[in-house]
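Colleague: Generate the whole structure from the sequences, applying the supplied hints.
There are 2 protein chains.
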Amino acid sequence: MKNNFIIKKILKNITDVVGNGKISLHEPVFWGNEKKYLSNCIDSTFVSSAGKFVDSFEEKIKKYTKSNYVLATNSGTSAMHISFIVSDIRKNDEVLIPALNFVASSNATIYCGAIPHFIDVEKKTLGVDAEKLYNYLKKISKKKGNHCYNIKTKRRIKALIPTHTFGHSVNLDKIIKITKLFNLDLIEDAAESFGSFYKKRHLGTFGRMGILSFNGNKTITTGSGGAILIKNKSDFIKAKKLINVSKISHKWKLIYDGIGYNYKMSSLQAALGCAQLENLEKIISKKYKLLKKYKNSFKENFYGKIFEQNDFRRSNYWLQTLILNENCSKIRDAILERGNLKKIQLRPVWRLMHKLKHLKKFPRMNLAVAEKLERRIINLPSSIYN
Amino acid sequence: MKNNFIIKKILKNITDVVGNGKISLHEPVFWGNEKKYLSNCIDSTFVSSAGKFVDSFEEKIKKYTKSNYVLATNSGTSAMHISFIVSDIRKNDEVLIPALNFVASSNATIYCGAIPHFIDVEKKTLGVDAEKLYNYLKKISKKKGNHCYNIKTKRRIKALIPTHTFGHSVNLDKIIKITKLFNLDLIEDAAESFGSFYKKRHLGTFGRMGILSFNGNKTITTGSGGAILIKNKSDFIKAKKLINVSKISHKWKLIYDGIGYNYKMSSLQAALGCAQLENLEKIISKKYKLLKKYKNSFKENFYGKIFEQNDFRRSNYWLQTLILNENCSKIRDAILERGNLKKIQLRPVWRLMHKLKHLKKFPRMNLAVAEKLERRIINLPSSIYN
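Protein chains in written order, with the numbering used here: chain A, 1 to 386; chain B, 1 to 386.
Just so you know, the hints here were simulated from the structure itself, not pulled from any lab data.
Be careful, since some hints might not be right.
Since the list can't tell identical chains apart, any single copy or any two copies may satisfy a pair.
Claimed, not checked - Straight-line C-alpha distance at most 27 Å; calculated DSS-like pairs for lysine-lysine:
no. : residue 1 : residue 2
1   : K91       : K361
2   : K91       : K154
3   : K52       : K35
4   : K174      : K139
5   : K238      : K91
6   : K22       : K247
7   : K357      : K241
8   : K144      : K199
9   : K360      : K91
10  : K91       : K357
11  : K36       : K52
Note that the structure is a prediction, hence the values are computed from the model and not measured.
Modeller: Next up, the structure:
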């Protein structure tokens, strides 16, 4: 009886904001030059891996993020894969990855023959708990030469891949300190965080590399696509070659002088991206209006709280997030079920990494906070319509 | 002096067909509903991995090729990678690949931890020489249980990946016989062969799987993209899951229950593909007109010959091909250099696989014909403009 009351109240607080009928979790908006640029792209006949729209898209992202180098790719996952190869993540290296996460960074680790090692997150940022990680690494690792090794497995711990969850930054100052102390490469998973900053600097530009996603469900989209933000020129040169099948540059020779990948973003996708970029700030300001509406609606709801960014603003508020009270976590599934039955797309957070069939066997620390959060997070409809 | 005369004559025979000025090797043509469908795609808001255009594109390819199952992917390379995983090509398996080839199938083999094993081609088809392969396998392999093993390396020889070069079919009857005799999986690299048939059946539908490419340089394009043609339902189900990050199907749960890849074609790319498909036959008929023009122009050229399809017609004549006489092979580079200087995009065939830095170390048979052809092939401008 009580549960039913809570479920109804939560769903009412949601529909008061988004209305009834079919409400999707996150739809892209096409307010500007999308059709025009696609049409220009067709007229140019350069719809594939070459063409001015790819260059232009990379240039615009570079300017916006102030990244030293930018490469547009055909997905966030491929961006991740290449950044791992370039930072020399090898067979049997361990890679530190938050358990509360999308599966791409774990999969990319496995593509490299490396080992995901799962770490806990904190309630405040929904991202890596830096202090817990520090204490854990002090206990389980040892420095030898320029590298950090897992005492127990003897494997090199090569990199830390924090995810800026739902667009909210992790505590980068602390994270960077840890990567320096333990000689880890920092590669930021900023897939959800285009338009998000940490102390006025764009996410993904703090580590050796960072990756973005422009999948259809993201703040802005290229259909499918991603990008690598790169700090060093030598990494940029390597990555640029790898995503283009390791083709050597020559007027007419067709030589591919190393293992390579077909990961470039197409000009068609980039044309869409160029148009989308023009409305980014407008979209984000609407995200803040939506947040305000949700906060207002949930003001007197004592069963859950709308998640708000930490003080490292600014978040892009990609997905609005309800954190249920601990004692309401048992009705999470019922809320999701009921909401989706009413055609309101509510989503749980991803099943935690160490619970997935193919990732169960990998090492992990105590993941108490991630476990708790998994039971309590519900992502709310986050589209911006006007 | 003589060489200069030959180079000039060949270039004149080319420009007599394609004219002077900037002439590209292969440009796509957009004659129909390209802009309309892209616009519809934007209006639908489904520009990413879901959306009716992907379903529709797959359905149209299925109908055209008469393949049992079709999956659209974000590249031909990813189509190849998935077909290799699905057909259980594993670490240390050997995979038979023609040396005269684009590098994708060799790279996909390496992605799987397997070993490319290079085989020779024949002059008649520019593809796998079936008789030479038969004699070679008789000598170097042994059947054990349901599998074929390399006597020397002890490794399993798992699959044969013939490439239908430039759209021209290999001798499939003989190839199929070999795969049956030696228990090899047949996966056809039909990347260049959309619109090509062998005895009235579409290429890529003979083996367990076949792959297509819709890259910008192909007969029709989706910007970037590919497809897997699949014979068996169980392979189709596996592949469909793998290209969608191994996500389980559920109303709201976010569970990924195995290693997965982000390889789906986006709806935006598929929208372009749907429009392109509508003009496929018109494009191919123009290819035949172009062939006729080249044949006519080179009729009295005694230094090289325009390549014509074998009797397994119909080829899509993706790229028009000049085969230089053996004794003219030493001026191939000069012709390429001079043509490209005049902004006429002439191309050599790909550098042979066993000569590429990362592929040198792999096993191979005698590759005398591939070596000869490499020196003699020049691809001619093959665009259709009106």
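Colleague: Hint numbers the structure violates, sorted upward?
Modeller: Hint 8 alone not satisfied by this model.
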